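> Note that the protein sequences, when read in sequence, are chains A and B.
Quick note: the first sequence uses the working numbering, first residue 5, plus one each step.
Quick note: the second sequence uses the working numbering, first residue 5, plus one each step.
Don't take every hint at face value.
Unchecked claim - Across the chosen pairs, the derived CB separations fall in these ranges: (1) B:486 with A:219: 47 to 55 angstroms; (2) A:550 with B:30: 27 to 35 angstroms; (3) A:486 with B:410: 20 to 28 angstroms; (4) A:27 with B:417: 51 to 59 angstroms.
Note that these hints are calculated values from the structure, not bench results.
All values derive from a computational prediction rather than experimental measurement.
Even glycine gets a Cβ: it sits at the ideal position worked out from N, Cα and C.
Number of protein chains: 2
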Amino acid sequence: MSEQARGADSRTLARWLPLAGWLEHYDRQSFGRDLLAAVIVSVMLVPQALAYALLAGLPAQVGLYASMLPLVLYALFGTSSTLAVGPVAIISLMTASAIAGMTGVDGAALSTPEMLGAALLLALVSGALLVTMGLLRLGALVNFISHPVISGFMTASGILIIASQLGPLSGLSLKGGNLIEMGQSLLALPTGIGIHLPTLTIGLGCWAGLILARRHLKNGVMALGLSETTAGMCCKTTPIIAVIASSLLAWGLNLGDQNAEHSMALVGAVPAGLPVISLPSFVSHDWSGLLMSALLISVVGFVESLALAQTLAARRRQRIDPDKELIALGLSNMGAGVSGGMPVSGGLSRSVVNFDAGAATPLAGAFTALGILLASLLLTDWLAWLPRTTLAAIIIVATTSLIDIAAIKRTFRYSRGDGTALTITLIVTLLHGVESGIMAGVVISLGLYLKRTSQPHSALVGRVSGTEHFRNVERHAVETDPELAILRIDESLYFANARYLEDTVLALTADRPSLRHLVLACQAVNLIDASALESLEVINERMTAAGVKLHLSEVKGPVMDRLKCSDLPENLGGEIYLSTFDAWQALSIHGSHCGQACARDGVSQTAALNG
Amino acid sequence: MSEQARGADSRTLARWLPLAGWLEHYDRQSFGRDLLAAVIVSVMLVPQALAYALLAGLPAQVGLYASMLPLVLYALFGTSSTLAVGPVAIISLMTASAIAGMTGVDGAALSTPEMLGAALLLALVSGALLVTMGLLRLGALVNFISHPVISGFMTASGILIIASQLGPLSGLSLKGGNLIEMGQSLLALPTGIGIHLPTLTIGLGCWAGLILARRHLKNGVMALGLSETTAGMCCKTTPIIAVIASSLLAWGLNLGDQNAEHSMALVGAVPAGLPVISLPSFVSHDWSGLLMSALLISVVGFVESLALAQTLAARRRQRIDPDKELIALGLSNMGAGVSGGMPVSGGLSRSVVNFDAGAATPLAGAFTALGILLASLLLTDWLAWLPRTTLAAIIIVATTSLIDIAAIKRTFRYSRGDGTALTITLIVTLLHGVESGIMAGVVISLGLYLKRTSQPHSALVGRVSGTEHFRNVERHAVETDPELAILRIDESLYFANARYLEDTVLALTADRPSLRHLVLACQAVNLIDASALESLEVINERMTAAGVKLHLSEVKGPVMDRLKCSDLPENLGGEIYLSTFDAWQALSIHGSHCGQACARDGVSQTAALNG
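Excised from the complex, chain A in its bound form (with noise of 0.2 angstroms):
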């Protein structure tokens, strides 16, 4: 096989599997680089896949089952040599939600063998749908979710996953996926049945001692000799610290005895070994619920993730394939629905992680799960001593760089429409949840958008003095003529705004008897459909029988190649100009004054040009 055929043989193969791409260049410097930060990531991956599988309401294992095949698959099939899949902490959350609404049992509540159930079946179907959506190349699909959602969005979930963390961080038992939910169960707690001091402690010391080192450790370190990144990456190391001496602590103290009077919640027994493969055997009752969160689930995922490569793969200069990305992570998620996982996604935390410590490939993530299995093979016995409040502690310092309050000022300050957009999003899912709150946002930016797009802006335009230029009358010195209106339209017609158009173009000739000539300049008019043909065909005519020549420039070649299907150039009153300076010249007292001739030359050219 030449050199040549085998390029242009594994370019095709790496269409499918990015590896293949990868992998024939993968030497010794690139093996160290991603197996360094494999090590980091997954002393970090520990404890965050423990949190977030009880934040899920899952057993702590799940977590670690979630971090293992799922991050060989990315590996395979990702395009990102830095995305760190794994459990989230939004997806952990949203699957809580889902699983309560698909088994009627919360979230918060001891987790059932059919909650796991129901977890393994979600991130089944959220992966076959990522996979068909990347199969029908639809990743365009995402960005109907505009990033004033996905801020808001982002800022009430941190909001809500501290809140739940409250419980588990003071003892107490807190239920419910939104506040209302939340404020009530902590209103029907019993008498008597508090906030747990030891608990607290623990929790409230974890706390502040990952705190103080995300604030200060780095310049400690760094004052020790180490780099800025290295000194960074120590310090995301931290709650691997706090995992080890909580553990300890309750180990020492044996605080996990029933009987004890300072007992508190441990992450208890973790079965030693590997994940068994088979298919989920929760039965939905309610496909199309299932259906819905799932897509949710799905989707969200998606966006972060995509968003978290797109990032990473421009400072190194890569491209990231949204398409082939729908398909690694809707397989990593399948896999994780075969082997006893939950949703995952691409973690912010650790991807910035794995991208500092130098990951060269995808193959990091492979290492990564190698890691994980090891932990899970060799660290169960020890995992089971660990308090829940460290956990807790973990996931709300981890939160709180989700929440941008910032951000919906900032929104608000450039556009109204964006603010009461984030707004929205953001109440809508304290108050109701995550899933409505997403579905509130898309459906109120969309609604949004269509009405702006209903009520066009438009514009009596005139010349700017010695120049072809044409603008505002109301914001600019420019020429005009009583008997020719320029009106800009700046909206492409269509038939929510079709009606609107004949009004605003009455309207316009009523107040002007002296009008002669109507110039429609239609430069931001980017589609005439089917509605807004009909208007513009009763405006021609009303204005024809008002005695007034309605006239079109500067309609762009799409439009007009529709235009010549219909009969509006044939009926239209008036002509079709190139410009609106030739219009203004034909037409205007200010013009040239060359009169019908010249007109129709500008349609011939027109024509020409177009065809």
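Put chain B on the given structure of chain A with help from the hints.
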């Protein structure tokens, strides 16, 4: 009270009660015209009212009741002088479908008191929704039903109505709200129960008579020396002749006798007298289903009614106020709901006859109500003998005009998207009923619009030699510059296409290593939302990193106002030019090369003009 004060006073009153606007000028001539129109419309309305009540699966007299109070209310509150309100075909079909959903009883069965109660509640709720929309000034909402969707819906409804009348016409018992259900009910008929020949004979006889009258009677009457308009109105009253003739036949041959050989379905006992004013007693078990049905009925009724009123008003150079029409039609429906009626709307054929007969004011409608009142006091004994097959023939002839198959081809020729929306609406309505059809149409047309705007057209433009005009390099012979790319973006920038813009721009710069300046020509950008702003910031960063300066030109006033609230103008690698020609002059090798100073001028000019 001075003349002026009285004028101002009556104008204020007229804002809420259009009646006050025309009543003071009412004279004997208007009275005569209104009375004549009312007589003709009443003669048309009696058989139609009976027929549409049966079409809705309700007792015949419901149609008469729906033609009294609602007409009086419209006369008081409506703004159209010629719209004839009452039972109409499509609304009756939708009512049948909604009643079947609310009661579980199929519309074609014998009507029960429960069904009547459901119809009353439906009219009341539809009316209340319309009034609410009117008070909230939501008249523009109906614009979201595009013309192709209305066209497809009307054609499909026409086919469904005709199909539903084939049963009564032939004596077969067919049920169902769509073609599939009707086909199933045809196949499920017990063997031996077939077409009833005497019924079919009378039905086809009426049908043939009506068709012939429609085709030839007008010329015949005109030959007698009557004017074309009068002849046209005569033809519209032929249904009453069919009614009288077939009733006499049924009475003469005693066709209603169950024991007689040729017995057939007659309208039967119609209670003489006036409807009782009372609130509907039906209690719905499915309020969200009822609300959805009522919403669709009110929206479809309003869209049809408004389009009709506006068309007729335009011929007399009168104006229709959509929000007042909402209130008037809403009150009419509420009136129907409390007076034993059914949902009503503006009827096409009757309104046209009303217009042609010279109706001068809405009082014509009130006089029509009086005519129907007289009919229901005096004619009920005679109407009992009317064969149902006659009414089926009348409906079929009246409905044929709704079907417009040519529109499908015409719409497809103009635009594939619009054609698709029309076809899907048509097919879903035929196969799944009227409510699903109209909803599918709205969703599909919004979806197609969003899909289109999410993948915006953009074009590299160059200068049309000797002008300040810039056009697509692929369509026109224009000047270009290898160091300067001017990209015209043909769409507002918002969340759904923000990422698409990033991809387009990055692909463009990747292909052109010699590029030093990129100008985004924004004359077609009517909105930059918060998501798109972030994308522009990302693009600006990447361009700067790649050594390319990003410029903007022709940013419109409202868009510029917003951008000034962001950091983009400050962080932009390049400048913001008033016109694309300014950018060309400053940046192109063909330009005047006045350089940086000139570019700065452009910005300050923009700032000054927009400020």
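> Hints first: check each against the structure and report whether it holds.
Against the structure, the hints:
1. Take residue 486 of chain B and residue 219 of chain A: their Cβ atoms lie about 52 angstroms apart, and the range 47 to 55 angstroms holds.
2. Separation of residue 550 of chain A from residue 30 of chain B is about 29 angstroms and conforms to the stated range, judged on CB atoms against 27 to 35 angstroms.
3. About 43 angstroms separates the C-beta atoms of residue 486 of chain A and residue 410 of chain B, a value inconsistent with the hinted range of 20 to 28 angstroms.
4. Between residue 27 of chain A and residue 417 of chain B the beta carbons are some 53 angstroms apart, a value that agrees with the proposed interval 51 to 59 angstroms.
Hint 3 alone, counting from the list given before, is not met by this structure.
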